[in-house]
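Construct all of the structure, not just a fragment, from the sequences and the given hints.
Protein chains: 4
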Amino acid sequence: MKAARLHDYHQDLVIEEVPEPEITDPFDVIVRIGAAGLCRTDLHIKQGEFEQEHKDAGLALPYTPGHENAGWVEAVGSGVKHLQPGDAVILHPFVSCGVCHGCRAGMDMRCENATFPGLYTDGGFAEKIKTGARAALKLAPNLTPADVAPMACGGITAYHAVKRASPLLLPGTTVAVIGAGGLGHVGIQCLAAMTPAEIIVIDANPAALELATSLGATHTVLADGGQVEAVKSLTGGHGADVVIDFVAERGTERWGVDLLRSFGSYFIVGYGGVLEEETKRIINNEISFIGNLIGNFNELGELLALMAQGKVTLHTSLYGLDDINSAMSDLDGGRLRGRGIIVPAGARASA
Amino acid sequence: MKAARLHDYHQDLVIEEVPEPEITDPFDVIVRIGAAGLCRTDLHIKQGEFEQEHKDAGLALPYTPGHENAGWVEAVGSGVKHLQPGDAVILHPFVSCGVCHGCRAGMDMRCENATFPGLYTDGGFAEKIKTGARAALKLAPNLTPADVAPMACGGITAYHAVKRASPLLLPGTTVAVIGAGGLGHVGIQCLAAMTPAEIIVIDANPAALELATSLGATHTVLADGGQVEAVKSLTGGHGADVVIDFVAERGTERWGVDLLRSFGSYFIVGYGGVLEEETKRIINNEISFIGNLIGNFNELGELLALMAQGKVTLHTSLYGLDDINSAMSDLDGGRLRGRGIIVPAGARASA
Amino acid sequence: MKAARLHDYHQDLVIEEVPEPEITDPFDVIVRIGAAGLCRTDLHIKQGEFEQEHKDAGLALPYTPGHENAGWVEAVGSGVKHLQPGDAVILHPFVSCGVCHGCRAGMDMRCENATFPGLYTDGGFAEKIKTGARAALKLAPNLTPADVAPMACGGITAYHAVKRASPLLLPGTTVAVIGAGGLGHVGIQCLAAMTPAEIIVIDANPAALELATSLGATHTVLADGGQVEAVKSLTGGHGADVVIDFVAERGTERWGVDLLRSFGSYFIVGYGGVLEEETKRIINNEISFIGNLIGNFNELGELLALMAQGKVTLHTSLYGLDDINSAMSDLDGGRLRGRGIIVPAGARASA
Amino acid sequence: MKAARLHDYHQDLVIEEVPEPEITDPFDVIVRIGAAGLCRTDLHIKQGEFEQEHKDAGLALPYTPGHENAGWVEAVGSGVKHLQPGDAVILHPFVSCGVCHGCRAGMDMRCENATFPGLYTDGGFAEKIKTGARAALKLAPNLTPADVAPMACGGITAYHAVKRASPLLLPGTTVAVIGAGGLGHVGIQCLAAMTPAEIIVIDANPAALELATSLGATHTVLADGGQVEAVKSLTGGHGADVVIDFVAERGTERWGVDLLRSFGSYFIVGYGGVLEEETKRIINNEISFIGNLIGNFNELGELLALMAQGKVTLHTSLYGLDDINSAMSDLDGGRLRGRGIIVPAGARASA
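Line by line, the protein sequences give chains G, B, X and H.
Each residue of the first sequence is one higher than the one before, starting from 76 at the first, in our numbering.
Each residue of the second sequence is one higher than the one before, starting from 76 at the first, in our numbering.
Each residue of the third sequence is one higher than the one before, starting from 76 at the first, in our numbering.
Each residue of the fourth sequence is one higher than the one before, starting from 76 at the first, in our numbering.
Hints in this document: simulated from the structure, not taken from any laboratory.
Please note that a few of the clues may not be correct.
No distinction is drawn between identical chains; accordingly, a pair holds when it is met within one copy or between any pair of copies.
[To be verified] Result set (BS3-like, lysine-lysine): computed pairs, CA atoms no more than 25 Å apart in a straight line:
#1 K355 x K130
#2 K213 x K307
#3 K307 x K130
#4 K355 x K121
#5 K355 x K307
So, in structure tokens, the structure goes:
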């Protein structure tokens, strides 16, 4: 089959023929890719930022990236009873074991034996992928793989943070959202669908703020240096009850805390920066900082339910698998509108 | 001042002159009534169903009913610093002490020293009422007493139940609402504003179902004997994750449980019937039955925030204080559309 | 192998040779029984009270009861990686699928595809049992199958209810425990280990109350008709914050509610009686009734952690597999002290 | 009356005669001091570290410090019905208003109108103090002011953090406690009384570790540079599920995070240091950092319930009010054993 493979860090992916994946374990599942989301992490991988992690995981180049995958079940192992060839599915990024303490608690991300295709084993920038029985979630009839693929990682991460924040977001409260990009624009829709809070969206890009307004933001604020004052002003001088930081680098992790009212909670979703705060301020304002990592399998199902009901949608730009390097270049250069998805040649016809 | 007083059970209220209430305690507040909601409990009171409770509370007739009150602050005691004459306010039905364990936990309904004007002391079917500093909630500038009065008891009760149910109402879940009347129609709007759940509304009255649809119900079901089958059919045979029973009498408390899926929760808001269930069924399906009593002061504020944002509205029919017996007769005879509110003669002008 | 089989309802079990269970699915696990707890449900089964459930489940007699099992892994299917022959294990009573919504939420009892060996397939009154990979929990080195078997169902049920009640049991609160028998005596130990609440234990049997005191009860009350008054007196006239009813039949489900203070929660664990309560009382006191069904796999692990730490212990009476009918007769006649466990001939030697 | 007053920063307190406080508001309460806890914050105040806060609060020297107070009610304002002269009470450090959003939520620390006697108004290093009706909690008959005074601020702070951590501390989990001093030794006792978690206590002082063991620590670890490795070793290489950092300065806020397992929670109670963490690590391990500020009034009651039940005790050293500068010197020099309490001359006799 055809796959886009990373042979060397800092080099373009190579489109080449590789052997098809095969069932070797009773819980294996082979999925024909319908669409694979292109994520900023794929750029980081190409740029060598995961070299150490790859070594730690025992991964040797070349390999196939792509960790936001959806498609159709092609074959299942002998232990798989709930999936059938032909089922349209989206793939949770973790292939979890189902028997460790984390899995038993419903916390797939805490699986002690998980693999992560696209990061540490072959992923979905290919015609087929091998995953596990516990990773595949069947799609509602009104959704196709191309509609949903980026939800597999980026979308679920935004949903997970919103869900954890929602008990704090009673009527009359305010949530400040930093970043209305790939994750943020999903998060805003989830907030609007799941909470009665007023939503203030802060972004440096006016176009992103326009999108935010169309998706349910109550107020938007340009991150031009006056954003803290603007948010204070919109919240009676108090600040927001909750901040969700979808960026957490390039300074947001510093001024973001100033958006928060006393006894508020700061949800960290993005990464890259360093959180630096006096413990005296943390105590005196009884602030919580809450890290967020992807989300659980059922949370992926909950997000897909919102999509099936039309409450959350994605804007995407399609690229063929052969064009993946153009897609990555467009993403890197800020020319990619919406979320990029990679669609193998035959996939569109069969959808 | 003028007041509508109950002199004898089973008799019409008497409109008469009574002395104005006076400040006698540092935390007293006198409020000029802008509107007082008419509640089915007022009929029960007239019909003598609270005779024993009145005796237990040391209340001797005549007295003034009316427990859903809103208006303008007229005078405050020497210990009251947060209210000023002229403030537009809605009155939480409990005048709570602020120092007992329940009050300290934020649970006003658990106040061990509360009074309940309109039930056990003079209420709001009058030109003025005496209440306490902790009962008065200032209105947002875009709301008037006549907009909000019935929220003081009926509305907050619906909101309280919805708020407690909402952690169970994730995307993809279903809530069945029994009764789309005074409380139910507020509850439906709260559910739509606060949760992503599908809302199935069941009522015996087709007009109530039409209203429910306009307020956000996903599906409506006529309670004509086939309602259990209909709800099962709408939920893939499973039943609803949550049932909120705003009636809980005349049989709903029996068939209502059949609407519930395994591991579901049944919120009881109305009353009158008898819950009767085999413990074996309760165990095998791990069902919870959850009673609900009015709500806390901050919950009243949360509900009013939804109103100020336009997410919850009330339909009301206005009657003058002199016409209160007509209003009660209309309510009893099913001729009152929306929630009845009683407005003293001068109040409308000053609103 | 040898097994104790039910050939006809109302007849003694027959000890006979049957074929050994075999691995037929990649997730199957064969366990050599070290001990199987004898539960009152086994008497109910013998007495024909599960005849309808057996028919519904497609179970035809003869079959082997026994649903509280522990032992050593004998063989595992090709998909099982976390268990090895020789591992000492306790078996969660549900063989869950691991891929349905309930399993993915960590709620094994909500598995839509579970089997229940001992109730609806062959159980543990035998030398070996077939179970599934997700049912087997490895024991800490200081615990043996004979120490723990009854925890597999009775113990975990008590723990599950206590865990759910514990957020309500802050310092200064009181929990009333109805029944200090098989489940109750585990529940009392869990309450003492996990909460700072005062524990009032009510039982009709003075010996059970003595045991309760030795296990951590703060007060004991004989259920002689004066128990409601006694509990009120011990709680300043208010009643208990939480009631856990391990009986829920023979009247406890009626007077048990009178033990509860306003805004209290009633946990139903036992079954047999009918809960009957006016909705007006449920509302006015904002009472919750909470059903409890066994518990999750991780909860079994949590309970076993308490055992490994010496915070919870079991008193048991051992019977050989050949003596199972004597054991059942002793249980039925009230002659069995502690929890009965059935131990096959070879098991003791190998423990 | 006699009071110990701060006339200048960096100078000893001056013992002098000052006018007695008087009732000026209906909710005022005058309390005769039975004991006042000496807190490290009192040293910070003397050393000028609160000069800015004092200015911001409009406090001009001289004034009377002392914010951990207990004694007997001397007089009450006209609005106070639940307290009587002679009542033995402990004083929550915040004099809260009872009508703002925070107070109504039961969150006294979020009161928008609170005063803080001892920090920003005259405190308890005196014979009498003026406080408010909502600050005074009646003592159980078996407790005296001298038994409990330091619980008013230090104790409640430890309890508050433990209570918030306790839902995470199921059987089989581990909590690492940094610091077994004034707050820590209360926290350890609360953990032992309220949770089944294994408690690892880390401190640089071997005597503190001995005390920790006697109070319920499962393991103790000397903070000698090898503490991270030691805790990892005690937790199977994973780290603790929860860390409670009662120090949060002098480096604990740096190595403390290394004690935490993935998906763990870090409770910050002490202050002084700077939290500095890569957002990538916060995300990848889904860590929460949770600030803690004193606690609510009902939490003070819960802690006092543990004391009345003998589950939590305090070790104290008594000093007369005239000896307060010696006490402060002893505290500063590390010569004060247990928690110092200041007892005015007449108080002991009347206790």
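Tested hints:
Proximity of K355 and K130 under a CA criterion of 25 Å is satisfied inter-copy only: 18 Å between copies versus 40 Å inside one chain copy. With identical chains, the CA atoms of K213 and K307 are at most 25 Å apart between copies only, with a shortest distance of 22 Å across copies and 44 Å within one. In this homomeric assembly, K307 and K130 come within 25 Å of each other (Cα to Cα) only across copies, at 24 Å, whereas the closest approach inside a single copy is 46 Å. In this assembly of identical chains, K355 and K121 lie within 25 Å of each other by CA distance solely across copies; the values are 18 Å between and 41 Å within a copy.
In this assembly of identical chains, the alpha carbons of K355 and K307 lie at most 25 Å apart only when taken from the same copy (22 Å versus 28 Å across copies).
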